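Trainee: Model the placement of chain B on the given structure of chain A, informed by the hints.
Sequence lines, in order, name chains A and B. Per our numbering, numbering of the first sequence is gapless, rising by one per residue and ending at 360. Per our numbering, numbering of the second sequence is gapless, rising by one per residue and ending at 350.
Hints are not guaranteed to be accurate.
Derived DEER-like restraints, expressed as beta-carbon distance ranges [as the list claims (entries may be wrong)]:
hint, chain 1, residue 1, chain 2, residue 2, range
1, A, Ile254, B, Ala235, 33 to 41 Å
2, B, Leu103, A, Asp13, 25 to 33 Å
3, B, Ala235, A, Leu156, 37 to 45 Å
4, B, Pro173, A, Thr81, 26 to 34 Å
5, A, Phe93, B, Arg48, 56 to 64 Å
Rough simulated footprint, nothing fancy, chain A against chain B, three-plus residues with beta-carbon under 8 Å [what the hints assert, rightly or not]:
hint, stretch
6, 7 to 17
7, 66 to 74
8, 105 to 114
Not the full set, but computed from the structure, chain B residues with beta-carbon under 7 Å of chain A [what the hints assert, rightly or not]:
hint, residue
9, Asp54
10, Glu55
11, Ala133
12, Leu137
Hint data in this document are derived by calculation from the structure and do not stem from the laboratory. Values in this document were obtained by computation on a predicted structure and should not be read as measured data. We put the CB at the ideal spot given by N, CA and C, even for glycine.
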Amino acid sequence: MAVLSSQSSGGQMQSLVYDARLGELAVLWLKTLLLSFLTLGFYRFWGRTRIRKYLWSRVALDGDRFEYDGTGGELFRRFLIAVVVLTPLFFLPLALQLFGEPLTVIEVSKLLQGFAITYLALVGYYAGRRYRLSRTVWRGIRGGLGGGAALYGAKKMLGIVLSVMTLGIYLPWMRVALWRYEAAHLRAGDASFGFEGRGRDLLRAWLATVALLVFAVAMIAGLVAAAGLVDSDRRAELREETTTPALIGLMVAVIVLTPIVWGLLVVRFNAKWLSYMANGTRLEGVRFAARIGTWRLLRLQFGNLVILVVTAGLGWPFVGHRMLKFWSAQLTVSGVEHLGRLSQAIPPPKSGAEGLVQLLGEGGFA
Amino acid sequence: MQRFEGFFADGRRAQRERVEIGLGAAALHLEGAEGGSLRWPYDRVTLLEDEGRRSVTRLAHGDARLVVDDPGFRAALAAVAPRFRPRGYAGNLACALALTALSAALGASLWYGAPRAAGLVAAMLPAAAEHRLGATVLAEIPGRRCEAAEGQAALDRLTARLLAGQDPPFAIHVGVLEGVQVNAFAVPGGEVRIFDGLLQRAASPDEVAGVLAHELSHVLKRHTMRHLVRALGTSLLFDLMLGSGGAVRQAGEAALALSYSRDLEREADDGALELLLAAGLATEPFAGFFERIRTEGRAGAGIPSWLRTHPATEERIEHIKAAAGNGGPALSADEWQALKGICTKS
Chain A
-5 MAVLSSQSSG GQMQSLVYDA RLGELAVLWL KTLLLSFLTL GFYRFWGRTR
45 IRKYLWSRVA LDGDRFEYDG TGGELFRRFL IAVVVLTPLF FLPLALQLFG
95 EPLTVIEVSK LLQGFAITYL ALVGYYAGRR YRLSRTVWRG IRGGLGGGAA
145 LYGAKKMLGI VLSVMTLGIY LPWMRVALWR YEAAHLRAGD ASFGFEGRGR
195 DLLRAWLATV ALLVFAVAMI AGLVAAAGLV DSDRRAELRE ETTTPALIGL
245 MVAVIVLTPI VWGLLVVRFN AKWLSYMANG TRLEGVRFAA RIGTWRLLRL
295 QFGNLVILVV TAGLGWPFVG HRMLKFWSAQ LTVSGVEHLG RLSQAIPPPK
345 SGAEGLVQLL GEGGFA
Chain B
5 MQRFEGFFAD GRRAQRERVE IGLGAAALHL EGAEGGSLRW PYDRVTLLED
55 EGRRSVTRLA HGDARLVVDD PGFRAALAAV APRFRPRGYA GNLACALALT
105 ALSAALGASL WYGAPRAAGL VAAMLPAAAE HRLGATVLAE IPGRRCEAAE
155 GQAALDRLTA RLLAGQDPPF AIHVGVLEGV QVNAFAVPGG EVRIFDGLLQ
205 RAASPDEVAG VLAHELSHVL KRHTMRHLVR ALGTSLLFDL MLGSGGAVRQ
255 AGEAALALSY SRDLEREADD GALELLLAAG LATEPFAGFF ERIRTEGRAG
305 AGIPSWLRTH PATEERIEHI KAAAGNGGPA LSADEWQALK GICTKS
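Pulled out of the complex, with its shape left as it was, chain B reads as follows:
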């Protein structure tokens, strides 16, 4: 039997004793411990791993501890008791690979599952609740609501024409806000707002009809609520995964949000085309508006805000063009003038 020296603490008092250690077939024998000898069966002993240090071996038996400062002890112990053999690189690698595969599966199911889950949760929320939420969001957006009666009437007619045959989850209200932004947006609860800047920049009522159809399709598909649920879900998820991740967390959230909102925009484009075709309106101007704004943005000062929130890729424009549809003008010349003048006070 090989013999080693070590220090023993009995786990009852904070005292250490020098002991002589024998490695038996089934147990460690500690000579000199507690004035006699102790027997520690190997299967009751735990090896306490000190990260990054192999020369000192520490063993635990309940609260009792044994420390052996001898580089040879570890190997001798592993030789008589296989359970103390180090796992080795192959074992470590296998563990790491298994963990990574598991996480990849988890990540993939989150990536594909989260949008669907968000849709389900959003659909479960009552329409009234969504409407109230929308009201509080609108209250925080600055800008005067333009209310010239004839302009509003023209806008309402265009909206009704686009929504004919649709079954919206709630009453939809479209309004115009004073402001130079070339932008339009939908908030939860069926409220759509177009900035006056967009009306002034549009070359024809059909271009406005395209943008309006796009926003209406966001509403019909309850995108804003889905987006909100999804954003909250991601934020919670990142909290769970990273604790306080700081920069890492923000980057991850932004990447996910970007990819998700691209998906939603594509969906809204498809929906807009359907609405335009059903209403017998031209789809060409919708694509044309995108293209024109983009080339103007490149040449001139900055990218219009509508494009920043609605990134227009070549692919998107081609997609819209491909679904050729044409019909009469969206608004009569008089209606179009009334809509353009909705922000002028009478």
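Isolated chain A (complex conformation):
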């Protein structure tokens, strides 16, 4: 049998099979987009659900397809709840202004508003994943994500603060801690995922990333400065105005090139991190493996960015499509035979609130 021939000592090795077709997705997307415009945007919850149903059903593991069984009505209800929660937050600084509070109070309230929105975005990210997982079914078994979205948001907020305070050194530990938390609460039926990883393992790669950036910026600055000096020598000989053009060139080069170099280096680190994340994650006897290349990841993320920018965020289904295609090609699953031991969680895990995510404009897929 074909499946058995790929058996190794670690059990059966398999990949996710993803067979969506871009044309089909585009037609469905246009249909839902048209209906959304005709209905002043209200159809979008149902459209989103249809697209998710399409994408989920095109992913198969061990011969069985995934299933998304959420409904548009659910998304709409959760969205309304989020509106009720967020509207007062939206109007807070203006209300204070109308009540004649002093300018400092208003500025502080704006700061708090920004802080609250950031925190709610992090909470919403987790809550959104919880909802989608609770509506994901494979072979009749439902997924789930336990834990607390508020706690996750607080952990991430704290992690960001610590990372900034330690000039970025803390970042690997933050990533590991957050994924460990999420993986430990990630469920397939009544079985929990888990993650074995240590921030220390990523420290070298991370420090190398930072060091490379410093080196690259120094190189750029050095080259431009050298070119500028040569130029100003020549100008001095010709008794022309000096230095200013060279200085401006230096600043422009550093300002333009630094983010590009930084972006490339971060993608390189992220490729390492995602591989590490996959390799350390397990589900009972099932293990995962991935070896993600920098260029592949760069192509994926850059393409996704272009899609979202060009379509003003409306093209999210194609981002989802590209992500699923990427992960089904990169991820190997071993010990698939253990999947048969999964059983349904009773009672079903809670499903959380996705509304927050939508209002805060996540609009994404993950």
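Mentor: Below, chain B without anything else, positioned relative to chain A:
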């Protein structure tokens, strides 16, 4: 009874079994499921629609699932159980039309209802709150306040003359700001500012009186607050309708805001004419100022800012001209000189 083959998962464990399916009169019969046979009444079974794929049929019965990879199964199932018949194009079209009609009704009520709602909300806000808001807006506008005593006195007299018999919601203050802009504006809370540029460009005090009457009428009708409430409301509404709409949202907001501010300008013109007539002032120069600025703008460098925020259409000018009114000059020659020199430091 027709027979098909499919895969069954019991919804308790992630295992699949090959089953034989019989389509009975009132139920599906699954032979070989859980080592025996199961009966799924049609009215307890849900058809799981996979977008864009018809060859594979998936059915749910609680957590249990049945997958049949046979293009003929769907039709056979629909034949015995009508509830699984596809809705068809006519049904889809009817649904889409109903949704669209509903949305059109909603959109129309928003389009016509929002300005009125904004007016109601603005009227509910206490005048003191509006005044405080205006103060913070003024604080952010650059430009020195011109305060030559005689000029200010002339301006105050003109303002008082225009406001005679009116009942303003708050104390109104008119001032002049240093700057070349040919512009004037009202902020919430009864504060009106005219730029010195407009005074210098005006050919007569009656032209200034026209512009001032226009801004005063914005204040009397509490337009700035209505505009603010409406802008916030629209922004919130677009958030609700589009989530994060990006470009679409901005275009929509801009279109609505433009149409709304045109309405407000027309209202302010009408109000200005009433104020001018009540004060026994000429209305002709008000229209004349519009026309002159516009032709100058066409010929010369760019459109003056006053016209950009107050788009003067032919219709508007004709409208103002039609309400002919004439009376004595708005200011005496001395007062007019004093007002023009309000920004010169003594």
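Trainee: Check the structure against each numbered hint from earlier and tell me which ones fail, lowest number first.
Mentor: none
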